[in-house]
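Each position in the sequence shown, counted from 1, maps to that position plus 3 in the working numbering.
To be clear, the hints were calculated from the coordinates, so they are not data collected in a lab.
Any given hint could turn out to be false.
To be verified - Taking lysine-lysine pairs in the DSS-like style, the calculated list, with each CA pair at most 30 Å apart, reads:
| hint | residue 1 | residue 2 |
| --- | --- | --- |
| 1 | Lys81 | Lys45 |
| 2 | Lys77 | Lys57 |
| 3 | Lys45 | Lys57 |
| 4 | Lys57 | Lys86 |
| 5 | Lys62 | Lys44 |
| 6 | Lys62 | Lys77 |
| 7 | Lys45 | Lys86 |
| 8 | Lys81 | Lys57 |
| 9 | Lys54 | Lys44 |
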Amino acid sequence: MSKMKGGFLAMAAMMAAVAYGDNSDVPLDRNFIPIETDEDKKRRLAQAEIKRNKANGLKEFFYGENTLYALNQKNADKKARSKHWL
Numbered sequence: 004m005s006k007m008k009g010g011f012l013a014m015a016a017m018m019a020a021v022a023y024g025d026n027s028d029v030p031l032d033r034n035f036i037p038i039e040t041d042e043d044k045k046r047r048l049a050q051a052e053i054k055r056n057k058a059n060g061l062k063e064f065f066y067g068e069n070t071l072y073a074l075n076q077k078n079a080d081k082k083a084r085s086k087h088w089l
């Protein structure tokens, strides 16, 4: 009986180890939230805006150092005038 009990415990321990796995990349604190710096957030939001504008079919227009997204040149000029770039 003790042989069966020992074998069962060994098998249960192996199953538990496999089920638990190696979670070395997971932080120990479950409430851990990675901190995003202001620069990272600004860069991420700028990238998202570019993707969103291109997905909506807008073209990129340049006015000096400034960049503008619009459907066509006429609309881009209107937007640039409203922002006092022209």
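Now the hints, each set against the structure:
{"no.": "1", "hint": "Lys81 to Lys45", "result": "holds, 26 Å"}
{"no.": "2", "hint": "Lys77 to Lys57", "result": "holds, 18 Å"}
{"no.": "3", "hint": "Lys45 to Lys57", "result": "holds, 19 Å"}
{"no.": "4", "hint": "Lys57 to Lys86", "result": "holds, 21 Å"}
{"no.": "5", "hint": "Lys62 to Lys44", "result": "holds, 24 Å"}
{"no.": "6", "hint": "Lys62 to Lys77", "result": "holds, 12 Å"}
{"no.": "7", "hint": "Lys45 to Lys86", "result": "holds, 21 Å"}
{"no.": "8", "hint": "Lys81 to Lys57", "result": "holds, 19 Å"}
{"no.": "9", "hint": "Lys54 to Lys44", "result": "holds, 15 Å"}
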